[in-house]
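Asks: Chain order of the listed sequences is A and V. The letter at position 367 of the first sequence is residue 367 when you use our numbering, and the numbering goes up by one with no holes. The letter at position 199 of the second sequence is residue 199 when you use our numbering, and the numbering goes up by one with no holes.
You may find that some hints are simply not true.
Restraint ranges, calculated between C-beta atoms of paired labels, are given here [claimed, not checked]:
no.	chain 1	residue 1	chain 2	residue 2	range
1	A	Pro422	V	Ala280	54 to 60 angstroms
2	A	Asp99	V	Ala280	50 to 56 angstroms
3	A	Glu336	V	Ser403	26 to 32 angstroms
4	V	Asp329	A	Glu122	24 to 30 angstroms
5	A	Glu322	V	Glu322	44 to 50 angstroms
Stretches of chain A that chain V covers, calculated by requiring three or more beta carbons in the stretch to come under 8 angstroms of a beta carbon on chain V [said to hold, decoys possible]:
no.	stretch
6	105 to 112
7	153 to 164
8	247 to 257
9	325 to 333
10	336 to 348
11	380 to 387
12	400 to 412
If you're looking for bench data, these hints aren't it; they were derived computationally from the structure. The model shown is predicted, which means the values in this text are computed figures rather than measured ones. Using N, Cα and C, we set each Cβ at its ideal position, and we do this for glycine too.
There are 2 protein chains.
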Amino acid sequence: MIHFSNYYSLVSKEAEDEGVDDLYEKIRNEKESGKIGYYTIVERKQELLEAIEAYIKNNTLLKKGKIRNIVVIGIGGSSLGAKAIDRLLHNKKKSTAPDLYFLENCDPLNIRESLSNFHKKETIFIVISKSGTTIETTSIFKYIIKKYAIKLGDKKTKERLIVITDSGSPLSKFAKKYSIAEFNIPKNVGGRFSVLTHVGLVPLALAGFNIEKLIDGARAFENSFFAREQDHLLHKAIYLNKNYPVKRINVLFAYASLFTYFNDWFVQLWGESLGKKDIAGNSVGLTPVGLTGSVDQHSFLQLIMDGPKDKSVTFLKIENFESTTHIPDISLDFLESTDYVNNHLFSDLINAQCDATMESLIRQKDIPVDGICFDKLNHKNVGALIYYFELLTSAMGILFHISTYDQPGVELGKQILKEKFPGGNQ
Amino acid sequence: MIHFSNYYSLVSKEAEDEGVDDLYEKIRNEKESGKIGYYTIVERKQELLEAIEAYIKNNTLLKKGKIRNIVVIGIGGSSLGAKAIDRLLHNKKKSTAPDLYFLENCDPLNIRESLSNFHKKETIFIVISKSGTTIETTSIFKYIIKKYAIKLGDKKTKERLIVITDSGSPLSKFAKKYSIAEFNIPKNVGGRFSVLTHVGLVPLALAGFNIEKLIDGARAFENSFFAREQDHLLHKAIYLNKNYPVKRINVLFAYASLFTYFNDWFVQLWGESLGKKDIAGNSVGLTPVGLTGSVDQHSFLQLIMDGPKDKSVTFLKIENFESTTHIPDISLDFLESTDYVNNHLFSDLINAQCDATMESLIRQKDIPVDGICFDKLNHKNVGALIYYFELLTSAMGILFHISTYDQPGVELGKQILKEKFPGGNQ
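For reference, chain A alone in the conformation it holds in the complex:
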């Protein structure tokens, strides 16, 4: 269960209800148009699960328990979602299942360090690229082919490789030629909205996560939202739109170290979806910032409190950490002033820090604050949270009159890159 709270009205009472029904209808229309696939992908649970189950059943290496490492080669939307979930739910997955690793960057020091621990016999490599020609991904894939002397077409190789890409892409054609197992990304689901397609689900399933519950969580939020039980999302979107561009930075302040990569996933979703030219040609966009509590109370909080009032802050916390780890009842000479937390759970301290920081911002009365609280950290809540942020992003895109699901701004850099290599521009 997730509890949502909102204190925006303490800052300004604008837009309490105005436009809520209209926004809801627009979101529903976008969903029902079928043009944007993430809305309904979770309704195809059986189909998604059956394809993965069939793959696992037919892979003899997996059946024999020989696989220790699932290595994802992918960048951006091809890695951030699974990486976030892997970090968040690591303690909740099957402990005997293989571990997940991610090769994203063409930093040579990083590639060597990351690959130093993998034995080919214990590893399945998953190459993920929507377009099929992402330069980081294909380059690292080539490096792996050479390093591990992978023979394409070889029977054993087929069990060691998986490709996830758009159907008909160059990478798909490559996979077909060498009979490599392939999963496709629905064409109408963009990379940063693809975590609950096979892009995220295949690596997570192979690594022992309960992907069914993830989907169930997202599905439950979908149903609830479209049954008008989550109108707080619409109010929030309308508020953020009406107060743009004064409040143009959105902070997600998550009180658990495990949310670090989830923050990265949020930053991509929000930044890349909403940083656009609108239909009138104006540059719009909200800048996402991911913080970890309480660590970033010692880093970024001062700026939020006393700096320009251009930020909204969403607090994210886990009510029950399901941990008994507590601060011992030890009183140290001269440090008695810290004893007030003795005998309390560490989780009580971090949650009290979250509440205290939230209150300190609310009292300012010029910082819009809202809260998202998990009862527990589990697959269902994480699935729901993903769907919540995807819906919120769609809502913002509709209000901004932008094309939420593309990323035209990154093409120029890719073009210039090719010009820097002989033969790159052919």
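For this one, chain A is given, so just place chain V on it according to the hints.
Replies: Relative to chain A, chain V alone:
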């Protein structure tokens, strides 16, 4: 060697020279006043080194090579600097030296996970807190005392514990009572400016880093700046000040995965120093964002390119990665369009991506872009980079007419936290 480049004038020609001498004089005055200690701490190299050498010489556990882990218990300015350097220069330290670990957050899942690998016999714990009563730090320290059955006052315990704090603080008094080894932070050096004091140097030295070269690098930049050889820094500060608040977000886009924690260090330094009420009572501040290239080309770049023109972007790259890892000359069927990078070093690819992205932003003509390029990744350059950002922060603080070195905005949250626990407010 570090090369600095700047393309701000393509966006606006404001403030080319005006105020440069004045700003320089103000910085020099601040340095010479002696009120702000980080400026000159690097001039006390011998004193800093000798204290650490004496400690190492007298610790029998270190001498016997029994220590495998140096565990820092500290948060914010007490950990971010050493953590950044540890990540950046890990391949450059003595390979036989102990590894560094950081316990920062009171997230119970994180504490248990982090402590699962340490054997007491192989570990030195360093407790760092400027005030001496940081609640996260003292709470984790108590947990460690209990978990490892540490007997305060015991002879062996003395060799396993180090305290780094302000002289006269409660933690200092505690250390003195139990004869625990203690290093002090100069009172006039704030936490986020303390990486080149014993706060950063002690853990780094124990973990086999060449702290002398770190200081030498910072010292060289200090000398060069005060000899007026680095006026680009003054120009940059004046530009950022004159263009505030239109350009109010500063992106540091570092093209190497190893810079991740350095970005965190920068975010604290910039955000906490500059997010302030100025002398007229106005809220000012620049919002820092740390990105990693090329990964975040697939995440945040779209927002920079097409979103609101409220950002400046500083690119950071390493000219020579000293790596021979290259993309093999393998042509994959249907993926021939990616072959233009074959046979090139991975470092050439990541650097070309940096250059291409930089050029794509410069061509926009409404995004201020500058570049920082290391010839190599080494201790001297990292030391210089730290001093560069510290000086730039001081310059901005002077121009904003703010109190750069305090953080009054975080006190309210600390007060509310205490109210949440019985006995907290005594």
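Asks: Each hint: holds or not?
Replies: Comparing the hints with the structure gives:
no. : hint                                    : verdict
1   : A:Pro422 - V:Ala280: 54 to 60 angstroms : 57 angstroms, holds
2   : A:Asp99 - V:Ala280: 50 to 56 angstroms  : 55 angstroms, holds
3   : A:Glu336 - V:Ser403: 26 to 32 angstroms : 31 angstroms, holds
4   : V:Asp329 - A:Glu122: 24 to 30 angstroms : 28 angstroms, holds
5   : A:Glu322 - V:Glu322: 44 to 50 angstroms : 46 angstroms, holds
6   : 105 to 112                              : holds (count 8)
7   : 153 to 164                              : violated (count 0)
8   : 247 to 257                              : holds (count 5)
9   : 325 to 333                              : holds (count 6)
10  : 336 to 348                              : holds (count 10)
11  : 380 to 387                              : violated (count 0)
12  : 400 to 412                              : holds (count 5)
Going through the hint list in order, the structure does not satisfy hints 7 and 11.
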